[in-house]
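Make a model of the complete structure from these sequences and hints.
For the protein sequence lines, the chains are A and B, in the order given.
Heads up, the first sequence is in the numbering used here, so the first residue is 1 and it goes up one at a time.
Heads up, the second sequence is in the numbering used here, so the first residue is 1 and it goes up one at a time.
Hints are not guaranteed to be accurate.
[As the list claims (entries may be wrong)] In silico DSS-like cross-links for lysine-lysine, where the CA-CA straight-line distance does not exceed 25 Å:
| id | chain 1 | residue 1 | chain 2 | residue 2 |
| --- | --- | --- | --- | --- |
| 1 | A | 14 | B | 145 |
| 2 | A | 3 | B | 199 |
| 3 | A | 3 | B | 172 |
| 4 | A | 296 | B | 38 |
| 5 | A | 14 | B | 142 |
It should be emphasised that the hints constitute simulated quantities derived from the structure, not laboratory data.
Just so it is clear, the structure is predicted and the values come from calculations on it, not from any experiment.
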Amino acid sequence: MDKRLIRILPRVQKPARYTGGEYNQIIKDKAKVDLRMVLCFPDTYEIGMSNLGIKILYGGINEMDGVWCERAFAPWGDMEDEMRRENIPLWALESGDPLRDFDAVGFSIGYEMAYTNVLNMLDLAGIPLKSSERKELTPLVFAGGSSCVNPEPMADFLDFLFIGEGEEMDKELLLLLRKAKRENWSKQQLLSEAANIEGIYVPSLYEPIYNDDGTLKEMRAIPGAPESVTRRIVTDFDNSYFPTNPIVPSTEIVHDRVTLELFRGCTRGCRFCQAGFIYRPVRSRSPEKLVEQGIKSLESTGYQEITLSSLSTSDYRPLSELCDGLLDFCIPRSIGLSLPSLRADNFSMDLMSKVQKVRKSGLTFAPEAGTQRLRNAINKNVREEDLLHTCRIAFEGGWNNIKLYFMLGLPTETDEDVLAINDLAMKVLALFKTYATNKAKGVHITVSTSCFVPKPHSPFQWEAQVSMEEYRRRVTLLRDHMRAKAISYNWHDADTSLIEAVLSRGDRRVGAVIEEVWRQGGKLDSWSEYFSFERWISAFEKCGLDPKFYACRERSFEEILPWSRVNIGVKPEFLWQEREMCYKAELSPDCRNKCLSCGALSLMNGGRCDG
Amino acid sequence: MDNLRLRFSKTGRAVYISHLDLMRTMQRAFLRAGMPLKYSEGFNPHAQISFALPLSVGTASSCEIMDFRLNGYMELSEIPYRLNRALPEGIRALEVYEWENKFKNIKWLDVDGVFEYDERDPADMLPELMDFFSRDSLVIKKKSKSGTNDFDISPCIRSLTFDIDERGIRLKALISAQEPTLNPELLPSALEQLAPQLKPDFASFTRVQVYDEQMNIFR
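Put into structure tokens, the structure is as follows:
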């Protein structure tokens, strides 16, 4: 270990997150590999190591012969100060080698607020920020992850972006890079070839042309560039790679447990939910395979908790069978099973009592809106009676801690909708008073609201976000009506939501703002300790851009959107139709009841959608 | 199986694993090794393990002691072998045996340390250091939960020798492990407070051995 580091580590917070050396980390002989990649997560170790995508990519890439994939995370501020003072470039945890020595530097970006961290990590690594400033073939700097479905805000910094699921694309790319290294290709040559890999978006092949009003006139493709980049998916999900020997961090992380991935995609079609559209079509894993993966993972990690991950766990058809299989293993070993992402409508007593066998945690539901009208408008098909019925069962079963999540600022929302959130919470409270088996313990109902952020490739991608002032007015309105002591109300800041809205639907010019924020010291923007709204506003001013143009402006169907070269699978016409249904407060059926031909099936190469 | 004691070392990258994280790490390692620890009964079951002397982050050790209970029977010599395949880099199981001696009988701790001086020549520092630590009384300010107290470290040092090696000044100290506890990091602290000109630019320590009152190796 670097002698300077030995001196620094004892005085920074949680030093174990900077050292590597965890159980199940993968160490290879440098002399026996010809390609080295570092998988970067632009947030702290505790967040990044909790990310299932990172585990899948890390394990999968390391299965390749001759390739060693390592990890790097964003340091916390105290560590960054020490690194800058001592001039220690950002290193990969396994080997301790600086990032700039790697062939491939790949970021997994799951949320837009991490953009400044990408720049900060590149800078800490001594790698030039802009793709155009990196003339050599290596290190190649690229990214994948759900926020890349709009590749434009980060286009100046990344050599290319993965659109969709990375586990096949990354290997194809690495094989191409190996060929490029052997044959001494130029970076330009590699980028042209990479663009032929399905799912890879090379920003330098598209040039944004703007109208006078700031909207896009055209995303001009340079000659030879693909007309569009189609999202890549794993078609045979049941048989796709899953890491059953993930790294076990030696220091506590956010999700410190085994995570199983039940399925990808979601059949519900909630109109506000980007994930409901950008992961289609639904592909699931068999319960037998999941039980086997769960047991293997528990045995290889020693974790005492396992959780099930998907966009809507209760929609997994063989959920009961899966839980039974896992509980047979878990109960005798005191291993906890937790079930997140349950829906209020089909949450059964049976399932709840199964989970209860091991450990009883709080229950969380996301009705998203207070009135049935608005829930219909956003296609969140949860009926009030179902939610209340579920709460009643929960109270009867001894639960006394319920969290309810809502959004404010959804399209068509009125004050009546806002106030109905309180009414709903009051009804839940009344149920507790009538049905709870442990009334003496009291009940705690937490209502949380966030400000709706319209996202690309969702039916609301054309919507205006409500202004910060309007969001705050609605928060105050709701807060003033919340009187019950047992109900506590939390709300998200309007500031972050506005910035997130800009970054989500930003064009290439927004990259300059991201860079300017970083230059003014911006980093770790998803942490309230570090986020500074003033810094963002000052950067927008300096770059001559108006955040409201991106966040609070309604687009027409005809407008060229910055992500228009990305074919997500779901057709824009379908999204627009869903938007119109919202304004009529009409529901669309669950895919399982009726296929609406959204277009995502085209990604399956003849395979079927498990909708 | 109750009354089991593990001696293990914690070196290299593992010295940065905190005490709380080490407890988690050990529990998981036993599970990975297929040797489930005994858990307490009750609402929030936890593994029944306890460590003799919590180790500061950054300090290495070749003499850590942990007591534990196992479900089922296992050949004692088999346990370290199995554990070592399940432990992260830097933590090594050395020996497992049934204990008779309670933790409270631990008295002395043998510690190796290095004082690094960047600008100064260790050879010049050596006489002054020896002089300093041979004082009859070395009262320093020590922070505790109840505030800052005066603490005389001198009676806690049974022996202290210095040497010069390529890294700086090498020290070997036999210090009081408990009642009172002298954290070896208080040695450079004493310099900082009472003789700042002697304070090293960096100090690191390794626990080498634990002894009882009579200077028998504590087992």
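Going down the list of hints, with the structure as the test:
1. A threshold of 25 Å between alpha carbons decides the hint, and for residue 14 (chain A) with residue 145 (chain B) the separation of about 21 Å falls inside it, so the pair holds.
2. A C-alpha spacing of about 19 Å is found between residue 3 (chain A) and residue 199 (chain B), which places the hinted pair at or below 25 Å, so the restraint holds.
3. Restraint check for residue 3 (chain A) and residue 172 (chain B): satisfied, since their Cα atoms lie roughly 22 Å apart, inside the 25 Å limit.
4. With a C-alpha separation of about 22 Å, the suggested pairing of residue 296 (chain A) with residue 38 (chain B) holds against the 25 Å cut-off.
5. Between the alpha carbons of residue 14 (chain A) and residue 142 (chain B) the distance comes to roughly 23 Å, so the proposed pair stays at or under 25 Å and holds.
Violation of the numbered hints given earlier is absent; every hint is satisfied by the structure.
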